[in-house]
Amino acid sequence: MSDATTFRAPTEEAPIVRRILIGVVVVLLAVLVLAPLIVVFAEALSRGVGEAVKSLGSRDALAAIRLTLTVAAISVPLNAIFGVAAAWAITKFDFKGKAFLITLIDLPFSVSPVVAGLCLVLLLGTNSTLGGLLVANGYPIIFALPGIVLATVFVTFPFIARELIPVMIEQGKAEEEAALTLGASGWRVFRTVTLPNIRWALLYGVLLCNARAMGEFGAVAVVSGKIRGETATMPITIEMMYNEYLSVAAFSLAAVLALLALLTLALKTLLEWRHADALSATGGH
Amino acid sequence: MHIEIDEIAKSFGDTTALHPVSLPIPSGALVALLGPSGSGKTTLLRILGGLEFPSSGRVLFDGKDATGLTVQERRAGFVFQSYALFRHMTVFENIAYGLRARPRASRPPNAEITRRVTKLLELIQLPDIGKRFPTQLSGGQRQRVALARALAIEPRMLLLDEPFGALDARVRKELRTGLREIHDATGLTTVFVTHDQEEAMELADLVVVMSMGRIEQIGKPSDIRARPATDFVREFISA
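Just so you know, the protein sequences line up as chains A and B, in that order. FYI, our numbering numbers position 94 of the first sequence as 89, with every residue one higher than the one before it. FYI, our numbering numbers position 220 of the second sequence as 308, with every residue one higher than the one before it.
Hints listed in this document are in silico derivations from the structure and should not be mistaken for laboratory results. Fair warning: this is a prediction, and the values are worked out from it, not measured in the lab. Be careful, since some hints might not be right.
[As the list claims (entries may be wrong)] Distance ranges between label pairs, derived from CB positions:
hint, chain 1, residue 1, chain 2, residue 2, range
1, A, P141, B, Q169, 46 to 52 Å
2, A, E7, B, Q169, 36 to 42 Å
3, B, F141, A, N132, 43 to 49 Å
4, B, F141, A, A80, 20 to 26 Å
5, B, S99, A, N122, 52 to 58 Å
6, B, A317, A, A80, 48 to 54 Å
7, B, A254, A, P161, 30 to 36 Å
8, B, G156, A, G133, 38 to 44 Å
9, A, L64, B, G156, 47 to 53 Å
10, A, E8, B, E269, 55 to 61 Å
11, B, A317, A, F77, 52 to 58 Å
12, A, F2, B, F141, 56 to 62 Å
13, A, L117, B, A254, 35 to 41 Å
14, A, A80, B, T155, 29 to 35 Å
[To be verified] Straight line, CA to CA, 20 Å or less: simulated SDA-like cross-link-like pairs of lysine to any residue:
hint, chain 1, residue 1, chain 2, residue 2
15, B, K207, B, T274
16, A, K87, B, R175
17, B, K219, A, L64
18, A, K87, B, E140
19, A, K168, B, S170
20, A, K91, B, K219
21, A, K168, B, A254
22, A, K221, A, K91
23, A, K91, B, T274
24, A, K221, A, L64
25, A, K49, A, L241
No residue lacks a Cβ here, since even glycine has one placed at the ideal position from N, Cα and C.
Chain A extracted, bound-state conformation (with noise of 0.2 Å):
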């Protein structure tokens, strides 16, 4: 069979062109991604891990770590119910200004943090006639938790409606008409039908925006008003200690916030390896 290395497959590059190839992009990921990882636990670790971890309980630290977690505790189930919702009512429906609803949920993706963070701002803060109503009455949104889930929620949206629409457009609705005829309720086929079938879609779509989430910094630094130790989530006192030329804490709370990020990442990795066959046959990714 020594002819056959001769030969190769149409589709297929010859071997310099694919080495160039898978060299680039070797390169460009250990410039771009693996280098800057190495390089915060380095710097977080710089004088020793007791510095670190000391660093770690001070009580700007676990206030921000707290906060952190509460808002990805928030938003994700929020943007879950959203995103299925808007799913469904995109794939399962005909109704006019379809094109409408895709466009307006893929905003978030095209407008900068920062400018939505700022209409929040315009929006509800104490200047405006809502946002003033609101402080009045001892409802702060601005500068307080609720405004920094609604920004989490606005910047994240897209995450799991853009998962589970291509999926469950091409699942189609004969399943769900199938049960339909079988005498099942709507709230009963979503339960036993639409929801099994868009369950890894969905798992996948809640990890990606989780991570978005917990690591979301410009529409939360204009609504939150960085106050330390109460409304400063992870990235925010990440980057006040790094200004602060406290490196040690900056980066071994980065290095927490990276920890996080892949642990995401650990997940959706190992639930692909264990679900393989499942996945397939749902036709999750």
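With chain A fixed as given, assemble chain B onto it according to the hints.
Chain B alone, transformed into the frame defined by chain A:
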């Protein structure tokens, strides 16, 4: 059950899928809706099943107006073109779905569900595939499971959309006989949609030839062959 289609019309936006059509379907008949794609035959079937609502006209079941009945209330056993089996459920659970979906008061106990599903699996001559998933079945097996699932709800009628469309010629012949036998055994009024004139002529008691949203001819296969009512019918059945 006797079905009466009374001046049913359907349009989707500007396009007319069905001009007013009328069609009596005698109780227990095996009827083929035959026509090329775009003739309105699937739309008519979906209106019978309650998956589409007519723009005008009425559907009568045993003389009673059924036009407003929801898809669940119709109790029509529906077999979809690509079978639409629930891909994340075993064959057993697929067939049991309609029984489990019943309101608590009329839902049979688990043992009874198992008994009925087992009986249906025997009826379709696939007694051992209950634990398998739809992706592990051949096309012909999927079609038979879809039929069993539709029969499980003890339907008042059986509606099939291109039931043999996705199968190769040999399996198709085999399943035709299978459908005929199941129809004769259950006595259910059965309507199936097909674009294959040979299939319609061979299997049905009554053939309804459709074109462009209109019914061209209604008759026994032999009558249609002997006396095609229009040029379209003549051309279509000789194709």
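Hint-by-hint comparison with the structure:
no.: 1; hint: A:P141 <-> B:Q169: 46 to 52 Å; verdict: holds (50 Å)
no.: 2; hint: A:E7 <-> B:Q169: 36 to 42 Å; verdict: holds (39 Å)
no.: 3; hint: B:F141 <-> A:N132: 43 to 49 Å; verdict: holds (48 Å)
no.: 4; hint: B:F141 <-> A:A80: 20 to 26 Å; verdict: holds (25 Å)
no.: 5; hint: B:S99 <-> A:N122: 52 to 58 Å; verdict: holds (54 Å)
no.: 6; hint: B:A317 <-> A:A80: 48 to 54 Å; verdict: holds (51 Å)
no.: 7; hint: B:A254 <-> A:P161: 30 to 36 Å; verdict: violated (24 Å)
no.: 8; hint: B:G156 <-> A:G133: 38 to 44 Å; verdict: violated (51 Å)
no.: 9; hint: A:L64 <-> B:G156: 47 to 53 Å; verdict: holds (52 Å)
no.: 10; hint: A:E8 <-> B:E269: 55 to 61 Å; verdict: holds (57 Å)
no.: 11; hint: B:A317 <-> A:F77: 52 to 58 Å; verdict: holds (56 Å)
no.: 12; hint: A:F2 <-> B:F141: 56 to 62 Å; verdict: holds (60 Å)
no.: 13; hint: A:L117 <-> B:A254: 35 to 41 Å; verdict: violated (57 Å)
no.: 14; hint: A:A80 <-> B:T155: 29 to 35 Å; verdict: holds (31 Å)
no.: 15; hint: B:K207 <-> B:T274; verdict: holds (13 Å)
no.: 16; hint: A:K87 <-> B:R175; verdict: holds (18 Å)
no.: 17; hint: B:K219 <-> A:L64; verdict: violated (42 Å)
no.: 18; hint: A:K87 <-> B:E140; verdict: holds (14 Å)
no.: 19; hint: A:K168 <-> B:S170; verdict: holds (12 Å)
no.: 20; hint: A:K91 <-> B:K219; verdict: violated (43 Å)
no.: 21; hint: A:K168 <-> B:A254; verdict: holds (18 Å)
no.: 22; hint: A:K221 <-> A:K91; verdict: violated (42 Å)
no.: 23; hint: A:K91 <-> B:T274; verdict: violated (44 Å)
no.: 24; hint: A:K221 <-> A:L64; verdict: holds (17 Å)
no.: 25; hint: A:K49 <-> A:L241; verdict: holds (13 Å)
Violated hints, in rising order: 7, 8, 13, 17, 20, 22, 23; the structure is consistent with all others.
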